[in-house]
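Fit chain B to the known structure of chain A by using the hints.
There are 2 protein chains.
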Amino acid sequence: MAIHTDRKYEEELSDLRRHILEMGGLVEKQIAWAVQALTARDRALAEATIRKDHAVNRLDVEIDDLCIRLLALRQPAARDLRFITTALKITTDLERIGDMAVNISERALELADAPSLKPYIDVPRMAEIAARMLRESLDAFVREDTALALDVCRSDDEVDNLNEQIFRELLSFMIEDPQTITRAMGVLFISKYLERIADHATNIAEMVIFMVKGKSIRHVEELPPTV
Amino acid sequence: MAIHTDRKYEEELSDLRRHILEMGGLVEKQIAWAVQALTARDRALAEATIRKDHAVNRLDVEIDDLCIRLLALRQPAARDLRFITTALKITTDLERIGDMAVNISERALELADAPSLKPYIDVPRMAEIAARMLRESLDAFVREDTALALDVCRSDDEVDNLNEQIFRELLSFMIEDPQTITRAMGVLFISKYLERIADHATNIAEMVIFMVKGKSIRHVEELPPTV
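Order-wise, the sequence lines are chains A and B. Last residue of the first sequence: number 232 in my numbering, and the count goes up by one each step with no gaps. Last residue of the second sequence: number 232 in my numbering, and the count goes up by one each step with no gaps.
Chain A with its partners taken away, still in its complex shape (with noise of 0.2 Å):
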């Protein structure tokens, strides 16, 4: 079987892509609808957001049986191959933060009827960046674009550093005021789940470089300026 020349074969390979871009997508909004619904004190938007998960877990179920089929019946080399086992992985990373985005939404709900601590600014600013490096890590994905993957390497410092500040921050209310505790927690969960959110774009933007220059970057203590 001439595997390059074989139509069919590219369009199930374009197919993949366009599916793993499709539950990126998703994702991306299910973090931005959550972050929304917390500052907007939107309750049926946080229940939206909750339920749309359903729809991530499909197109992940549909992913790995995509990418099971292309191994069965074209039985890909080298480079196809890495890249179909990567989808398959990626699509655990993108699950879990389309869970990270439910919980969010949970906590949403139930600070939705309690007086706000003070407006929420770095919040939204560290969603705004967790949901890019997501973008950027499925596009350096698809584009087997080693740069970007490192550029979102990079920012995941940024998050950590607001996650700290907002981290101290609400800790110093907390002490001030002990009736701030129980809202200063469910703020402090959320930054959590943003964090996290970002080390899943992290780890995807990883596998993306070891997918493209099988050289793991993992766990180094200093990023390098190119891979």
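Among the clues, some could well be false.
Identical chains share a label here; the pair holds if one copy fits it or two copies do between them.
Distance condition first, Cα-Cα at most 20 Å in a straight line; then the derived SDA-like pairs of lysine to any residue [claimed, not checked]:
#: 1; residue 1: K123; residue 2: A83
#: 2; residue 1: K220; residue 2: D70
#: 3; residue 1: K13; residue 2: L50
#: 4; residue 1: K57; residue 2: R223
Simulated from the structure, these hints should not be mistaken for lab results. Source: prediction; values computed, not measured.
Same frame as chain A, now just chain B:
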């Protein structure tokens, strides 16, 4: 190629099973050490647990390579194909469990010099259940034992309840005496990390059921009595 009579191929599959169990054994030890470092205020053990993460990451890369090689050279079908693709996904969970053990060790270091809030009872219990879930999820994987995998999924509630209980208890500490807040937060994060370890084990068990039965039990409202 008569796949099922090919001795070398069978050896490679056994090798894959063995590697997964080795990686699982290693992260299981990491969990036990991290929690022992916490309860015994043993800084050296916490640091050793953190260092051990390199071995886990090395196994992660090795197993992925093994899977990709098997897919490329053996072109496995049906059952073996599902086994190998599930192995590829499981390493991600195992690697993250290792990260959680590192996080617990880091908190253990922070808490080592602070006076304790109360004796640790629920945290070690939670760690024990989570470690057992991990072990059983991997046993279920290598034996394709869906009944055992379903047991693991059921245990997740137990861990969630303990986490809830620890959370409420620490919250009351914090509200009564704001001086305990920083320490209580440290313990609270550890409890969260253990809950996530149990989540990863549950994810592995769910993937095992999907591998064997081709049926997804993720995100169902209620677990079925059997699969």
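* Hints broken by the structure, by number, lowest first? -> 1, 3
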